[in-house]
Structure formats: C-alpha cells, structure tokens
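> Residue numbers (the numbering used here), protein chains in the order written: chain A, 90 to 577; chain B, 2 to 460.
Simulated from the structure, these hints should not be mistaken for lab results.
Source: prediction; values computed, not measured.
Where a beta carbon is used, it is the ideal one built from N, C-alpha and C, also for glycine.
Misleading hints may appear alongside valid ones.
Partial pick of chain A residues on the chain B-facing surface, computed with a CB cut under 10 Å [claimed, not checked]: (1) Leu97; (2) Leu101; (3) Val151; (4) Leu154; (5) Leu182; (6) Phe185; (7) Tyr189; (8) Thr220; (9) Leu226; (10) Ile242; (11) Thr270; (12) Gly272; (13) Ala273.
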Amino acid sequence: MITLLLLLFPALASLALLVLNTKEAKRAALIFSIVELGIALFALINFQKDASTQFLIDTTWVSSLGIHFKIGIDGISMLMVMLTTGLFPLIILSTFNKTYTAEKSFYALMMFMQAGLIGVFVSLDAFLFYTCWEAALIPVYFIAAIWGGAERIQATLKFFVYTILGSLFMLAALIYIYLQTPGAHSFDLNVFYQTALNSTAQSYLFWAFFVAFAIKMPIFPFHTWQPDTYTEAPTPATMLLSAIMLKMGVYGIIRWMIPVVPQAFQEWSWLAITLSVIGIVYASLIAFNQKDLKRLIAYSSIAHVGLIGAGVFVFNAQALQGAMIQMLSHGVNVFALFYIIYIIESRTSTREINILGGIVHSAPKLAIVFTIIMMGSIALPLTNGFVGEFLLLAGLYQYSAIATAFAGLTIILGAVYMLRMYQRVMLGEANNLTSAFKDIHGNEKTILYIVVLLVIVMGIMPNAILSISDASVQNLISIVNSKLAIIN
Amino acid sequence: MTSIIIITLLAVVLLFLGVYNKTAALVPVAYLGLLGALATQISTWNTNLYYFNQMVLFDNFSIVFSSLTIVTTILIILLSKGYFEKISSNVAEYLALILFALVGVLCMVSFQNLTMLFIGIEIMSISMYALAGIRKKDLASNEAALKYFLMGSFATAFLMFGIALIYGFTGTFNLDQIASAVGMSNGVIAPLFYAGILFILVGMLFKISAAPFHFWAPDVYEGAPSLITLFMSTVVKTASFAAFIRLFITCFASLSTYLTPTLWIVALLTISIGNLSALMQHSFKRMLAYSSISHAGYMLMAILAIGPNSSKAIFLYASAYSIASITAFAIFIKVKEIAQSDSFDAFNGLGKRNPGMALALTIAMCSLAGIPLTAGFFGKFYVFTTAMSQNYYWLVALAIVNAVIGIWYYFKVIIAMYMKESTDNSTIEARGNMALVLFLTTMATIILGIFPSILSSLF
Numbered sequence: 090m091i092t093l094l095l096l097l098f099p100a101l102a103s104l105a106l107l108v109l110n111t112k113e114a115k116r117a118a119l120i121f122s123i124v125e126l127g128i129a130l131f132a133l134i135n136f137q138k139d140a141s142t143q144f145l146i147d148t149t150w151v152s153s154l155g156i157h158f159k160i161g162i163d164g165i166s167m168l169m170v171m172l173t174t175g176l177f178p179l180i181i182l183s184t185f186n187k188t189y190t191a192e193k194s195f196y197a198l199m200m201f202m203q204a205g206l207i208g209v210f211v212s213l214d215a216f217l218f219y220t221c222w223e224a225a226l227i228p229v230y231f232i233a234a235i236w237g238g239a240e241r242i243q244a245t246l247k248f249f250v251y252t253i254l255g256s257l258f259m260l261a262a263l264i265y266i267y268l269q270t271p272g273a274h275s276f277d278l279n280v281f282y283q284t285a286l287n288s289t290a291q292s293y294l295f296w297a298f299f300v301a302f303a304i305k306m307p308i309f310p311f312h313t314w315q316p317d318t319y320t321e322a323p324t325p326a327t328m329l330l331s332a333i334m335l336k337m338g339v340y341g342i343i344r345w346m347i348p349v350v351p352q353a354f355q356e357w358s359w360l361a362i363t364l365s366v367i368g369i370v371y372a373s374l375i376a377f378n379q380k381d382l383k384r385l386i387a388y389s390s391i392a393h394v395g396l397i398g399a400g401v402f403v404f405n406a407q408a409l410q411g412a413m414i415q416m417l418s419h420g421v422n423v424f425a426l427f428y429i430i431y432i433i434e435s436r437t438s439t440r441e442i443n444i445l446g447g448i449v450h451s452a453p454k455l456a457i458v459f460t461i462i463m464m465g466s467i468a469l470p471l472t473n474g475f476v477g478e479f480l481l482l483a484g485l486y487q488y489s490a491i492a493t494a495f496a497g498l499t500i501i502l503g504a505v506y507m508l509r510m511y512q513r514v515m516l517g518e519a520n521n522l523t524s525a526f527k528d529i530h531g532n533e534k535t536i537l538y539i540v541v542l543l544v545i546v547m548g549i550m551p552n553a554i555l556s557i558s559d560a561s562v563q564n565l566i567s568i569v570n571s572k573l574a575i576i577n
Numbered sequence: 002m003t004s005i006i007i008i009t010l011l012a013v014v015l016l017f018l019g020v021y022n023k024t025a026a027l028v029p030v031a032y033l034g035l036l037g038a039l040a041t042q043i044s045t046w047n048t049n050l051y052y053f054n055q056m057v058l059f060d061n062f063s064i065v066f067s068s069l070t071i072v073t074t075i076l077i078i079l080l081s082k083g084y085f086e087k088i089s090s091n092v093a094e095y096l097a098l099i100l101f102a103l104v105g106v107l108c109m110v111s112f113q114n115l116t117m118l119f120i121g122i123e124i125m126s127i128s129m130y131a132l133a134g135i136r137k138k139d140l141a142s143n144e145a146a147l148k149y150f151l152m153g154s155f156a157t158a159f160l161m162f163g164i165a166l167i168y169g170f171t172g173t174f175n176l177d178q179i180a181s182a183v184g185m186s187n188g189v190i191a192p193l194f195y196a197g198i199l200f201i202l203v204g205m206l207f208k209i210s211a212a213p214f215h216f217w218a219p220d221v222y223e224g225a226p227s228l229i230t231l232f233m234s235t236v237v238k239t240a241s242f243a244a245f246i247r248l249f250i251t252c253f254a255s256l257s258t259y260l261t262p263t264l265w266i267v268a269l270l271t272i273s274i275g276n277l278s279a280l281m282q283h284s285f286k287r288m289l290a291y292s293s294i295s296h297a298g299y300m301l302m303a304i305l306a307i308g309p310n311s312s313k314a315i316f317l318y319a320s321a322y323s324i325a326s327i328t329a330f331a332i333f334i335k336v337k338e339i340a341q342s343d344s345f346d347a348f349n350g351l352g353k354r355n356p357g358m359a360l361a362l363t364i365a366m367c368s369l370a371g372i373p374l375t376a377g378f379f380g381k382f383y384v385f386t387t388a389m390s391q392n393y394y395w396l397v398a399l400a401i402v403n404a405v406i407g408i409w410y411y412f413k414v415i416i417a418m419y420m421k422e423s424t425d426n427s428t429i430e431a432r433g434n435m436a437l438v439l440f441l442t443t444m445a446t447i448i449l450g451i452f453p454s455i456l457s458s459l460f
C-alpha cells in the first residue's frame, strides 16, 4: 500500500496543482514534496534490512499480455526512493527566489516527474518499468525546453530524441525477453531472471540495454547530448537530470540488465568498463578547459558517473555498494554545486569563470559551504564522496589494476579542476562584478546547510546507508553467480 | 445488417432535408441516425449472422471495426458543424456522401464474398472521389479528385482482375470456399492464382496508401477539404486495413510464407518513405498526410503475423491513430481559419493563446509519436510485439529508428506551440461541438493509454 502511495501521490499532486489554480503553486509543491518525503521516511522506518522485496503490490494490468502492475521496494530501491524524495523538496525550495512564467505548469511537471522516477525505482514489471521510464523523461523535457536558455530548443530536442532512441531499443529488448518467457508470457522481473536465453541473443540484448542506460547516465561515447542540455536547461531541470535522472541508468543496469543477461555481461563487461574508464579520463580533461561553470560541472558529472558505471560492470559486492552510496553522494553534491552556480549567476549574471573572482571577501559563508561541498565532490576522506569512490575503486581493483589506475585519475583530476575553478571564482581580488556580492541568506542558507550536514554525516556514518542495500546487493550477486554457474 | 440499411436511409433522408432547406436539422439527424446504427451494430455482438446467401458475415471482427468507423464518423460530423457551410451552400450533399462512403466501409469490414468486397470498395471510393473534388472552383481540390479518381480506378481494376483470377482457380467468390480450395490443393497451386493474390494485394495496398502505391496520397490529402482528409485518413484507412486483414486471414493464411517477404518489404518502405518525407514538410497538413503513410506501414507490420493477433494489433493501432488524428485535424482547422496558413508557424504561441487546446494537441502528437501513457504507445507496442513474435527483429529495429524520426516532426508542432512566440496574441476559442470532441478524444487517448484492455479484450 505504501509503495502505491509513494507512486500515486506525486501524480495526484501534479494534477492538483493544475486543477486547483492556486497562486501559491510554489508552496503547494513544496508541501506536496515534503509529504512525499514523509511517506518515504515512513517506508524507511518500516523497512526490514534483508534481501526481500517489501511493500509488494501485484495486480493485473493488461491481462491478455501478462502485464502486471507490480511494485515493491528492496534495499536498492529504498535508497533510490530516498534519494528522489529527499532531493525533491530541496530542488523545489531552491526555486523559491525565482518566479517562472506559468508557474503551476512548471511545478505540476516537476511533481509528475517525481511520480515517474519513483515508478522506475519500484516497478517489478518490465512494462511498468518502461512506462515509468518514459513518464519521467517527458516532464523534464518540457521543463528544460520551455523554461531553458537561448539555445534550448535544439539542445533539448537532441536530448529527447537521443534518450527515446535508447529507450525504444530497451523496449524491443524487453519484448524479446517477454516472448521467450515460458508458458503464457510475462513481464515479471522474477520470470525474466529465470528465463534462459542463448548467448547470441544475450549479446544483442546486452547492447540494446546498454545503449538505453548508457545514454541516460551518460557513458562515453553516448554523452554528447549532456553538456548542452545541462547548460541550456533551467537550473531545477539540470538538478533533476544530474542528481536523480541519470541514476535511472545505473539502476537499470543493476536491476534490469546484468541479472537478466549474465552471460553476455560476462562476455562484454570488459568493453563496458573500458568505455566507462575512457569516459572518466576524457570528461576530466575536458572539464579542465571549461570556461562556463555549468559546463564544468556537467563534464565532472560525466567523470563521476563513469566511475559508477565501471563499478557496476565489475558487479562485485564492494563495487556495487560503492555505486549505491556514490549515487546518493553524487546526487546531493551535484545538486548543491548547481545551486551554488545558480546563486553566483543570479547575482553576477554570468557563469564565466574568467571574469569572476574574490567572492570570498563579500560572501564568507558561501565560501565555506562551497568548500565543504567541493571536498565532498572530490572525495576527501570524511566526506560523502570518499566512501563511494573508495569502495568503487577497491571493487574495480579486484577486476583490473590498470583500469583502477586510470579510474583513480578521477580523484586527482577532479581535485585539480575543481580547486582551480574554486580559486578563480572565489579567491583572489574582488572585481566590480563581485565586490558587492551578497552572502547567502534565507532559503539559500537552509538548503546549503542541509547539504553540508548530509555531506558530513554520510561521510562519517556510511554504514547507516550501506546496511540498507547490503542484503539486496548480495542477493542480486548470488542470482547472477548461480545463473553463471549453471552455464559454466 | 440493420446498420447498413439505417445508414443508407439516413443518407437519403439527409438529401431530402437538404432539398427542403432544413439545414439546422442536418447534423443532429445525422449523428442520431449514426448512434442508432452503432447501437444496432453492437446489439448483434457474438451472433455471427450471415446475410444474402453468405455475401456478408457480421461476426465480432466486423462489429468491432464497423463500430470504430461509425464512432469516428460521428465525431467528424460533430466537427463539421459550421465547417461545410463555409465551402458550399449544399451541406446535405457532403453529409450524404460521407454516409454513403460509410455504407461502403461497412460492406468492406463485413464481406464474406469477394464480390461484396469489390462492391464495398466501389461504394466507398466513388463517394470519396466526389468528396475530394467537392470544392469545384478550387484548383487543388480538382487536382486531388482527378488524381484520386484516375489512380483509384486503376487500382480497382487490378483488384477486379485479381478477383477474377482467383475465381478461375477456385470457382468461387466465397471466402471460406476459397480457403478450403487453397487447403485442399496440397501445395499444387496454379501460378495464376498467385498472380491473382498479387493483383489483389496491389489493389489493397493502393487503398491503404502503402509504398510504392502511395504517390496519390499526399496531394489528395492536401487538396481535399480538411475534414474530408480526416475522413480519408481515418475511416477509409481503417476500413481498408480491416478488409485487407479479413481477406488474408480467412483465405491466404496458409500461404503466409509466400506473402510475408513482400509484406515486410512493403511495410519497411512505407514506414521509411512516409517518415522521411514527413520530416521535410513545412505544412502541417502535408506532414500529417505523409505521417499517415508511415502509420500504414506500422500497421502492415502487424499483418505479418496473419492471425487473430494481427487483427487485435491493427484495431488498437487504428483506434489510437483515428482518435489522435481527429484531435489534430480539429485543432488544425481552427488554427488555419485564424492564421490563414497551414505551416507549422501557424501554431506559434498556441500554448498561451489557448492552453487547453495546446494540451490536447500535445497529447495527440505524443499519441501519434507513440509515447507511453497514450493510446498510440499501446498501438505501437502491440505492433512491435506481433512482429517480434514472428521473428522480424531487424524490421522492428528499423521501425524503431523510424519511430524516433517521427518524434522529430511531431514535436515540431509542440515546440511551435510552447516555445515560439506568435505575432498575433489574440485568444483562440474552442466552443460547443469542437470543445466536446476535443475533450472526448483527449480523454480517450489517455484512458486507452492506461487501460488498453478496454479494447484488446474485445478479441
């Protein structure tokens, strides 16, 4: 019941925002998202930390096709649901200082997207998964395309067409597996896990899935839509895309791809890992040369996701747990970084690194929170970023030392370009653009202090998070290993 | 059967109402009559009645498809209020011709005998030729009618010849007897029989505007009055597909190994040509015309299975497509009336000028593009599933690429509505029948997008 509530509440909230015609759309959206967080916390409290799927709901949806409305939450889903519901109030609060045209549509789309995201993370039926996957995409396309920057139309259409292409291949893969399921066909995840597929078919399926998930994350060389879209989209949409939406891709790989086609995974993971590692180095090097703050973070995000991707394709317990916690950390950090950029841009009307500088003199509080969040992002010990990257690299090391060496560059290069950016934007002499910079206040303070708290708490007590997903991760690994054992 | 009689009489009544100048009564009488026909049609569910020495068979297949065409016609007639008056003073003729065409359509979806198929197609086509050219002083309309008529008669001749050859082999026009003749032939089938099938195929492919027999469609669709175009691209196309699949499932299912290579090539050509041409268009109406060709291609993919699943897939696809087309054309007619242009730019700023209308069109475009939670997605889903169950993986992969291209041009409209500014910021109002039709079609698109079982359980 609680899963259904989690899924339907944001959808109904979205309708309510449209229908109620309130002048207070912002506040209403914030309240709705906090209620949703409350529901998620209630689920978290009642959650048993074992491998089972809890709060299960299973009813027939389209009987003639064996499509079920089957949703439930296990440890992996729980963390993703917490990420989504936790960040939404912050993202909505971060828009409070700006008034968008057609406000209620804006917030209605945001809430609808939340329903789609939750749906992706809780569905246990392939058809439902696909539907939610697209339901999350459409609203964010509209948010980005309607309220974005000057070049938004081309950038967002490219993004939309690109992702749809990927997901349609995933749909074809899902239909193929569905047609291979025994008896009256079924889209059920567990049936998918049990269906034996021959190795040629698995390879095709692997790549069909890979394209869909790699475009979403994005993994090199499927990332070309990302910097433009992040730059052109309005800040809330950028936050949604980078902090939550790209995790759909990682989640898809963990839940829908590797356990379904383990043999192809065994055969091809080297290539997927190589692509991910190339992405890390490539994106870090490009980030180094960026003049626009938003683009810099966009590229750093590709680098971070590359590491997560590499870890997921290693698929051992350490790397997967690292990926889980790193998804949360990256979500929190990248949200905060985009928010800080937004604050800087709204006061100086520029994102050009070269013409900023000396903000620290007039905004010491911003400088401190920025420092802490940046430390989290470049994985300093005792911050949230460290735990994830450490586990990911340790997991990757069991697979290949060379890959780890290259992937480890993400920490070094990340530190270089982030510190360099920090130095040029925050330190040095204040110029006439930054001398009157107003320090953070009000909502800005609330949001950034919460994030700083999260960065530190997650860094000091990662076990609270890791223990939630531990059993489920072990369970998935044993499913894959037992399937592989039968084949070998 | 009763419904065919009702609709025929209704058309005659409308002509008389026209003679006595009772124009206000035309539309209400027409749709009340059609509702009556629909009711009698539905009341024969599960009866499987033959009429006229097995010339027609009203089985569930024919009831389902004829109900869809009747409902579509009702919606089109609702939209026609105030539309035909602007073109001509003889509104009754339009409505009567539409209804006569509908009679042909009902014969086409319920034929049990090849002569009946031919008669049905002819009744429908002749009405359509006249309707396409009904704006007699308009050059484009005349060109449309002439093209449609010449090409159409040519195609009908092929169909006729094909039927004759099949009669030559089997000695019967009856579908069941043809099927048993094919079954008893033990694989020894005369080459002329195949030639007959091929000719019938050409005739049918012309009617559904499949490549390479599609050249007439864009010009005819563009030249005809918009509501007539809507009727052609929904009712006529649905009926042609129904006839196509009825013929092939009943008679030639056992010959599918010979037919499917032709069909999948035609399907792929149709999808690609329709799509790529639609991508180049600047006129919304012409874009819809070409996209309607590509939709015919998707539906052909479902025919590859030649079985009950094909009828289901085609029915779902045709329903979703018809409903979304009605929305698109209804809004297009309104927008064109104000902007006096049928280019995409005419839609600029519609998001501000009438948010409700823009939302309806967005949902319709998403449905045509096959985006989840709309009826069009389930249409595509069924089609892809059906094709994949027959192992046409590469065809599906190429169809997917085409579906993505489709998004590109459907979203042009959405982008124009929400992201471009118009020079004219007056509000556009949708009232009365139009608002009702838009509401119904939009709701239907979403409801069928969430609960497709409503339709799929009919099979």
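> When the hints from earlier in the document are held up against this structure, which numbers fail?
Hints 1, 2, 5, 6, 7, 11, 12 and 13 are the ones this structure does not satisfy, whereas the remaining hints hold.
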